[in-house]
Every structure is written in structure tokens, then in C-alpha cells.
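Engineer: Quick note, in numbering that gives the first Met the number 0, the sequence shown goes up one by one and the last residue is 94.
Simulated from the structure, these hints should not be mistaken for laboratory data.
Hints may be right or wrong, so weigh each one.
[Said to hold, decoys possible] Here are the simulated BS3-like pairs of lysine-lysine, each with C-alpha atoms no more than 30 Å apart in a straight line:
no.: 1; residue 1: Lys-68; residue 2: Lys-48
no.: 2; residue 1: Lys-63; residue 2: Lys-3
no.: 3; residue 1: Lys-85; residue 2: Lys-3
no.: 4; residue 1: Lys-63; residue 2: Lys-48
no.: 5; residue 1: Lys-85; residue 2: Lys-68
no.: 6; residue 1: Lys-63; residue 2: Lys-85
no.: 7; residue 1: Lys-85; residue 2: Lys-48
no.: 8; residue 1: Lys-3; residue 2: Lys-68
no.: 9; residue 1: Lys-3; residue 2: Lys-48
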Amino acid sequence: MAFKPLHDRVLVRRVESDEKTAGGLIIPDSAKEKPAEAVVVACGEGARKDSGELIPMAVSEGDKVLFGKWSGTEVTVDGEELLIMKESDILGIIA
Numbered sequence: 000m001a002f003k004p005l006h007d008r009v010l011v012r013r014v015e016s017d018e019k020t021a022g023g024l025i026i027p028d029s030a031k032e033k034p035a036e037a038v039v040v041a042c043g044e045g046a047r048k049d050s051g052e053l054i055p056m057a058v059s060e061g062d063k064v065l066f067g068k069w070s071g072t073e074v075t076v077d078g079e080e081l082l083i084m085k086e087s088d089i090l091g092i093i094a
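Between the sequences and the hints, there should be enough to build the whole structure, so can you do that?
Structural biologist: Here it is as C-alpha cells:
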């Protein structure tokens, strides 16, 4: 992939959610919510302090993360729908 986010931005790919509920009901595409779970595809080098010192990223490529419902900006890279967001929009890393 020929895209590298700048500063403290992260490029993520959404993880598809299940098409059935726990009770076995099939959810149609029109009723599905976009998942708030994703895999990190690429990371910037990190934010900078006022002194110019680099603050390293807490996430890295391949991490599975949770993010806020309205976080990020949808972008298309190499024909694939991805999200780019600031690291602060990420709520946590799924272990």
C-alpha cells in the first residue's frame, strides 16, 4: 500500500460484523450498523510536543482496535474503503 499517515494519524480497515444475532436472526444490510472495530493498516510516526520531541504511537500495524462511532474520515485507497483518524479517537486495543 502506498499510503502513510502523517503525525498521529492512523489508517484502519473496519472488521465486518456478524450477520446473525445471538438468537439466530439474520440482520439485513440496511439495518446493520457500521462496526466500531478495526485493524490498523498503517500509522504515522507520532505527535510532537511543543519542544519538538516525538511522542511515539501507542498502536502499531496489525493491532485490533475499538473507536468511537463518529470517529475518522472515510477514504478510498487502492479501491478499498478505509478510515483515517487521529490516535486519540481510538478507545483501546483489543488483546
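Engineer: Hints first: check each against the structure and report whether it holds.
Structural biologist: Structure-based check of each hint:
no., hint, in the structure
1, Lys-68 x Lys-48, "28 Å, holds"
2, Lys-63 x Lys-3, "18 Å, holds"
3, Lys-85 x Lys-3, "13 Å, holds"
4, Lys-63 x Lys-48, "27 Å, holds"
5, Lys-85 x Lys-68, "14 Å, holds"
6, Lys-63 x Lys-85, "15 Å, holds"
7, Lys-85 x Lys-48, "16 Å, holds"
8, Lys-3 x Lys-68, "23 Å, holds"
9, Lys-3 x Lys-48, "21 Å, holds"
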